[in-house]
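Protein chains in written order, with this note's numbering: chain C, 5 to 233; chain D, 18 to 119.
Source of the hints: derived by calculation from the structure; they are not laboratory data. There may be inaccurate statements among the hints.
Unchecked claim - Derived, one-sided and incomplete: chain D residues facing chain C with beta-carbon distance under 7 angstroms: (1) PRO39; (2) VAL57; (3) LEU101; (4) VAL102.
To be verified - Okay, the calculated beta carbon distance ranges per label pair: (5) ARG99/C to ALA119/D: 25 to 35 angstroms; (6) ARG8/C to GLU46/D: 38 to 48 angstroms; (7) TYR125/C to PRO99/D: 42 to 52 angstroms; (8) ALA81/D to THR34/C: 23 to 33 angstroms; (9) PRO150/C to THR19/D: 24 to 34 angstroms; (10) GLY67/C to LEU47/D: 30 to 40 angstroms.
A virtual CB, placed ideally from N, CA and C, is assigned to each residue, including glycine.
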Amino acid sequence: MRFRAGMRIGFGPAAATLPLGMTFGALAVTGGWGPWAPIVASMLAFSGSAQFAAATVLTGGGGGALAVTAAALMNARFVPMGLAIGPYLSGGRVRKAVESLALVDASWVGAHLGGGRFDRYRLFGATAVQYPAWLGGTVLGVVFAPSPAVIETYGLDVIFPAFFLILLIDELRGSRSRTGVLSAVLGAVISGVLLLVVPVGVALLGATAAAAVGLPKTREVGGEKQQPA
Amino acid sequence: MTVWWVVFGLVVVCLVMRAVGPAVLGGRELPAPMRRVVTVLAPALLAGLVVTEIGGERWAALDAAMVAGVLVAGGARLVRVPALVAVVIGAAVAAGIRAFAA
Chain C
5 MRFRAGMRIG
15 FGPAAATLPL
25 GMTFGALAVT
35 GGWGPWAPIV
45 ASMLAFSGSA
55 QFAAATVLTG
65 GGGGALAVTA
75 AALMNARFVP
85 MGLAIGPYLS
95 GGRVRKAVES
105 LALVDASWVG
115 AHLGGGRFDR
125 YRLFGATAVQ
135 YPAWLGGTVL
145 GVVFAPSPAV
155 IETYGLDVIF
165 PAFFLILLID
175 ELRGSRSRTG
185 VLSAVLGAVI
195 SGVLLLVVPV
205 GVALLGATAA
215 AAVGLPKTRE
225 VGGEKQQPA
Chain D
18 MTVWWVVFGL
28 VVVCLVMRAV
38 GPAVLGGREL
48 PAPMRRVVTV
58 LAPALLAGLV
68 VTEIGGERWA
78 ALDAAMVAGV
88 LVAGGARLVR
98 VPALVAVVIG
108 AAVAAGIRAF
118 AA
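So here's chain D without its partners, still in its complex pose:
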């Protein structure tokens, strides 16, 4: 039963967090200073996502092969390799390092 209550709470939380901003603001534009903040919100969030995905809870998930794979994928993208190909290269590098280390 607990699991279904958690699923219910999870669904409510996810719906409310997404909807509260647009519902509160309605059709009004954000004030200029807030718009400037929003402009640079995406880079901050993406950088945070990269770090938290790599580090995990208390940096316990940190793994050299994963870091290498992510960096190689980023490097490939910097030299204009298509995004999907860059990710495949990154995953292959991580898999290769792990296979070599095993």
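If we strip away everything but chain C, and leave its shape as in the complex, we get:
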């Protein structure tokens, strides 16, 4: 039941992931990765932001070390996210580490029940539908290599930011937390300013600093997250 709830949460991001996966596959092939490297990357790394960062650096003439560093900066946000969800994963350290491999942005948000509590089954359910979409999208991108113009013409580039905005609206509506709203506004401002001077991954990591507004003890209304539609 909770796994299915996670799957329902994951369908939306999965629909957004498919064209993004296609874009990554096409970008990697045109950047000289060959057909198998992007597919293996999507299969084992399963991180759109990190894979795009690495592919962009390589295509732009940066070396392999720079490409991996960019990917690491892009994914550094998974450290605090993993710390948060860790106590709600099952088993000892090794099993928790294995279960944490299901961690992606939309699944982490979907698994958040409010009040800093998480449901691991919702995490797994949401990831279970996004993983095949990402991998399948990459394969389609490698095979058909659609141009970025096609993605833009049909407005497919809107899908991901729109879904993140919708998840944000649902998160804030569910928690009814003024601190949450403040955190979101600050996160947007911080990342927006940082974007001017640092890579996207670092700007995104900087946005998480806005969560420090949660440090002081405040009285909040609600705190429990409603079931997303």
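Let chain C serve as the given structure and place chain D on it in line with the hints.
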């Protein structure tokens, strides 16, 4: 060969970044102040994702049609339109604006 080394590094980085938190913390709960931070981490991260997806590197990807599409999708969700439908509306608005401008 460089590509395969990058893929290897990419996979290692992605696995380690995900696993390090749960592996380090084990079964222990986060202290109360950290739990309060985690509670509002999702809104901060989501807001950052919206901004960075729209802006791109040094705001070079900023595009009026995309902004309009995202805002329309968000507005639709605010009036309780189902999430998938809201996204389709947003994408259609962006596509329409681009078609009109072309």
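Hints versus structure:
no.	hint	result
1	PRO39	holds, 4 angstroms
2	VAL57	holds, 4 angstroms
3	LEU101	holds, 6 angstroms
4	VAL102	violated, 10 angstroms
5	ARG99/C to ALA119/D: 25 to 35 angstroms	violated, 53 angstroms
6	ARG8/C to GLU46/D: 38 to 48 angstroms	violated, 27 angstroms
7	TYR125/C to PRO99/D: 42 to 52 angstroms	violated, 23 angstroms
8	ALA81/D to THR34/C: 23 to 33 angstroms	holds, 27 angstroms
9	PRO150/C to THR19/D: 24 to 34 angstroms	holds, 26 angstroms
10	GLY67/C to LEU47/D: 30 to 40 angstroms	holds, 38 angstroms
In the structure shown, a violation is registered for the earlier hints numbered 4, 5, 6 and 7, in ascending order.
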